[in-house]
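In this text, residue positions in the sequence shown follow our numbering: the first is 540, and each later residue adds one.
Wrong hints could be hidden among the right ones.
[Stated by the list, open to error] SDA-like cross-link-like pairs, simulated, lysine to any residue; straight-line CA separation at most 25 Å:
1. Lys1274 / Gly1192
2. Lys1274 / Phe1224
3. Lys1274 / Trp778
4. Lys958 / Gln914
5. Lys1274 / Tyr1230
6. Lys1274 / Leu795
7. Lys958 / Asp1008
8. Lys958 / Ala865
9. Lys958 / Gly1009
10. Lys958 / Gln869
11. Lys1274 / Ala801
12. Lys958 / Phe906
13. Lys958 / Ala861
14. Lys1274 / Thr787
15. Lys1274 / Gly1219
16. Lys1274 / Ala772
17. Lys958 / Leu1006
18. Lys958 / Asn698
19. Lys1274 / Phe1189
20. Lys1274 / Gly776
21. Lys1274 / Ser1187
22. Lys1274 / Ser664
23. Lys958 / Phe699
24. Lys958 / Asp1010
25. Lys958 / Asp898
26. Lys958 / Thr874
27. Lys958 / Leu1005
28. Lys1274 / Arg1229
29. Lys1274 / Asp1226
30. Lys958 / Arg1004
31. Lys958 / Gly862
32. Lys958 / His912
33. Lys1274 / His812
34. Lys958 / Ala860
35. Lys1274 / Pro763
36. Lys958 / Tyr911
Derived from the structure by calculation, the hints contain no laboratory data.
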Amino acid sequence: MLNHLAPGGGSALCGALATIVAIVSPAAALAQSSSDTTTLPTVTVTAPHASRSQPKHATRSAARSNQAPRRVAARPEPSQVAVPATVPASLTVATAQQALREIQQTPGGVALVTADAYKNSTVASTIKDILDYVPGVFVQPKWGDDTRLSIRGSSLSRNFHLRGVQLYMDGIPINTADGYGDFQEIDPTAYKYVEVFKGGNALRFGANSLGGAINFVTPSGRDPFVNGASVDAGAFGFWRLQANAGGTNGPWDGFLTASTQASDGFRDHSFGHSTRVSGNVGYQFSPDFETRFYLNANDVRQRIPGTVSKDSALTSPQTAAAGNVALDQQRNIDTVRIANKTTMRFDDTIVEFGAFGVDRHLMHPIFQWLDYHYQDYGGFARVTDDRLIGGFRNRVVAGVNLLNGRIDNQQFANLAGQKGALLSSSIDRSQNTSVYVEDSFYFLPNVAAVAGTQFLYATRDRQDRLLNDGDQSGRTEFNLWSPKGGLLWQIDPTWQAFANISRSAEVPSFGESSNGPGIPTIPFTSIRAQTATTYEIGTRDRRPNATWELTYYRAQIRNELLCLYSAFGNCNVTNADRTMHQGIEAGAGAAIFRNLFVRGDRPDKLWLNVAYTFNDFRFDNDALFGNNLLPGAPRHFVRAELLYKHPSGFYIGPNLEWVPQGYYVDSANTLSTNAYAIYGLKAGFDDGERYSGYVEARNLANTSYIASSSIIDRANANSPLFEPGTGRAVYAGFKVRW
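Work out the full structure: start from the sequences and follow the hints.
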């Protein structure tokens, strides 16, 4: 693979490999010397507190759910507390342990982050707090709840919203039907775990985008500790109140969580407040038949400070963009989502199906006053069959997804935050139907050949209702196949190796087009689908006192949706010709010292956690930009923490975020960010049962740095592209659960 590096990429990649060897080798050596061989191999971000008591044996119902035949039994995760035998497990909401068994059957880069890894020990105000230690994921805050998210170089061109990563809540799509995603509807306090499927490894959802998929999973009333309350407060006027309640009554169970929060914001004109509610009600007809109804509602009001020049971001980071203040720019969202999911189990076969509907109102004064009303709806069905065929284990996953939507799209003149004259109006309709199948055939007891494919039929249809600037109506149709093949090798009960080749295909949204003075006019109907072929190889291991993962991937992309033209400073996203994304994702965690002050079965330990990402994203002999680096993401990104953990639940330690080399913000490679390193410290306690509390200090040195940036085709020193990072901040919180 090293012989196929893009120009200039070889030495950098070799250096990155050397860095990873230095990071991973100690953990790997410790992992190999461990005598415990019964834990799961999937890399999981671990919690900072002491282990809870081990759960009792699951009931018959729970043991069969998601259980693969003839696999070595896995030791339950410490964070999984015993479920009383009188409370059968849920079929529609897997436990973290069941989710681990499922996700580990993926021959590619995946991760599972349990709530205990972040919710009890950080302020947990954005998805950055969830995903910070998942290698391969670059996630940086912008303002309020908004975040810039990229997995394997996805969404680099998106200066607003998200694309290239498909978001799910309890397996139900969050993204709009035309492909956009937002984070305002994500409440980090609401989830029991979060699943991350990188690249083409999310076929079980029928997803096939370049960045993969993220699934946020809420608890059910059958989970332990479903009742609780928490309070958090800290810098820049931040406060949050959160509560959750649940339980069972015969075949019924229910869970409800709600939070309300507000913040003045680090920057001027960045204040906001939000209220979020999530809940579900389930009914078990029998131990093998369950249905569940979901509700999610959000009310978000947020000011936008805007992007500024590099000099302003570094010398006056709290200053907002003057135009954002003058126009009182905001992003306000009201959302209601309802859904149903039903699961039926027939011996070796599990059938899941459901439907959902979303009503979303975006009130968004920016350069114009955007008033968008989204109505998305759809359904899904999936069959998982795991049995012996001719003496060989065979596992098939097949399904169909429908995601359709309508946008009532109106844009008005923005008069200092008030609506002016109507400037554009349309009805935008999207239809997406995907059918997928994946088969894993174990031709050896511990080696599976995996093959699958997805077919996507999609349309985008715009009906222009305001014709004084011409008729912008149009329709596009896409028929896209995305095959996949790979190998999964279970080297021992804790250690896996994998390789795969996958195709991804992304249909453009209504926002991709180009027009303006001096640049080509390219309507949305001329934008082609982005396709990529990704090669991936890696390995992962998880043992009681050491975990690690190491993955290399290379994606060859056609028609990547990128910023190739700009007018008035706005990025126009169209199709590039050929591009290449490749990188290394490395994570390691190890108890580098044990028995410091406490000996016995539950000693104290000093735990090191490191996540390293190497990115090499380039144009491939592009007519305009040659082999330039793609803008928008650092080549190296490191997150690390060193925590002292006492068996009583007390912990304390420093952490680091390090970008050792600035990255370009324009395709011409003329302007870049600066390197930075910021340090933090946290301390707290978590008794593993009822109580937890924390104090967390971030950016202790009050370093001025650029957290994220928008991109453009050609920049200059005054280009307003930069989002300053937050200065020194201290947060504290307390949680009680029962």
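Now for the hints, and whether the structure bears them out:
1. At roughly 20 Å between alpha-carbon atoms, Lys1274 and Gly1192 fall within 25 Å of each other, so this suggested pair holds.
2. The straight-line distance between the Cα atoms of Lys1274 and Phe1224 is roughly 10 Å, inside the 25 Å bound, and the hint therefore holds.
3. The hinted pair formed by Lys1274 and Trp778 meets the criterion: a straight-line CA distance of about 14 Å does not exceed 25 Å.
4. Among the hinted pairs, Lys958 with Gln914 is consistent with the structure: their alpha-carbon atoms are about 22 Å apart, no more than 25 Å.
5. A threshold of 25 Å between alpha carbons decides the hint, and for Lys1274 with Tyr1230 the separation of about 6 Å falls inside it, so the pair holds.
6. Taken as a hint, the Lys1274 and Leu795 pair is honoured in the structure, with Cα atoms around 16 Å apart against an allowance of 25 Å.
7. The suggested pairing of Lys958 with Asp1008 holds, with an alpha-carbon distance near 19 Å, which does not exceed 25 Å.
8. Between Lys958 and Ala865 the CA atoms are separated by roughly 14 Å; this keeps the pair inside 25 Å, and the hint holds.
9. At most 25 Å may separate the alpha-carbon atoms for a hinted pair to count; Lys958 and Gly1009 meet this at roughly 22 Å.
10. Distance hint between Lys958 and Gln869 is fulfilled; the C-alpha atoms sit about 13 Å from each other, no more than 25 Å.
11. As the CA atoms of Lys1274 and Ala801 are separated by approximately 18 Å, the hinted pair is consistent with the 25 Å bound.
12. Our distance criterion of 25 Å between C-alpha atoms is met by Lys958 and Phe906, whose separation comes to about 11 Å.
13. As the CA atoms of Lys958 and Ala861 are separated by approximately 19 Å, the hinted pair is consistent with the 25 Å bound.
14. The hinted pair formed by Lys1274 and Thr787 meets the criterion: a straight-line CA distance of about 22 Å does not exceed 25 Å.
15. With a C-alpha separation of about 22 Å, the suggested pair Lys1274 and Gly1219 falls inside the 25 Å cut-off, and the hint holds.
16. This hinted pair checks out: Lys1274 and Ala772 have alpha carbons roughly 12 Å apart, not beyond 25 Å.
17. With a C-alpha separation of about 20 Å, the suggested pairing of Lys958 with Leu1006 holds against the 25 Å cut-off.
18. With a C-alpha separation of about 23 Å, the suggested pair Lys958 and Asn698 falls inside the 25 Å cut-off, and the hint holds.
19. With a CA separation close to 15 Å, the supplied pair Lys1274 and Phe1189 stays within the 25 Å bound.
20. Straight-line distance between C-alpha atoms of Lys1274 and Gly776 comes to about 20 Å, which keeps the hinted pair within the 25 Å bound.
21. Simply put, Lys1274 and Ser1187 have alpha-carbon atoms about 17 Å apart, close enough for the 25 Å limit, and the pair holds.
22. Among the hinted pairs, Lys1274 with Ser664 is consistent with the structure: their alpha-carbon atoms are about 15 Å apart, no more than 25 Å.
23. Proposed proximity of Lys958 and Phe699 is supported: the alpha carbons are some 21 Å apart, at most 25 Å.
24. Straight-line distance between C-alpha atoms of Lys958 and Asp1010 comes to about 23 Å, which keeps the hinted pair within the 25 Å bound.
25. For the suggested pair Lys958 and Asp898, the alpha carbons sit about 22 Å apart, so the restraint of at most 25 Å is met.
26. Distance restraint check for Lys958 and Thr874: the Cα-Cα separation of roughly 21 Å lies within the 25 Å cut-off, and the hinted pair is therefore satisfied.
27. Taken as a hint, the Lys958 and Leu1005 pair is honoured in the structure, with Cα atoms around 17 Å apart against an allowance of 25 Å.
28. A C-alpha spacing of about 8 Å is found between Lys1274 and Arg1229, which places the hinted pair at or below 25 Å, so the restraint holds.
29. Between Lys1274 and Asp1226, the direct Cα distance comes to roughly 11 Å. Compliance with the 25 Å bound is thereby established for this hinted pair.
30. Restraint check for Lys958 and Arg1004: satisfied, since their Cα atoms lie roughly 18 Å apart, inside the 25 Å limit.
31. With a C-alpha separation of about 16 Å, the suggested pair Lys958 and Gly862 falls inside the 25 Å cut-off, and the hint holds.
32. Restraint check for Lys958 and His912: the C-alpha separation of about 16 Å stays at or below 25 Å, so the hint holds.
33. Using a Cα cut-off of 25 Å, the hinted pair Lys1274 and His812 holds, with the two alpha carbons roughly 21 Å apart.
34. Straight-line distance between C-alpha atoms of Lys958 and Ala860 comes to about 21 Å, which keeps the hinted pair within the 25 Å bound.
35. Between Lys1274 and Pro763, the direct Cα distance comes to roughly 15 Å. Compliance with the 25 Å bound is thereby established for this hinted pair.
36. Only pairs whose Cα atoms come within 25 Å are accepted, and Lys958 paired with Tyr911 is accepted, the gap being roughly 13 Å.
In summary, this structure violates none of the numbered hints.
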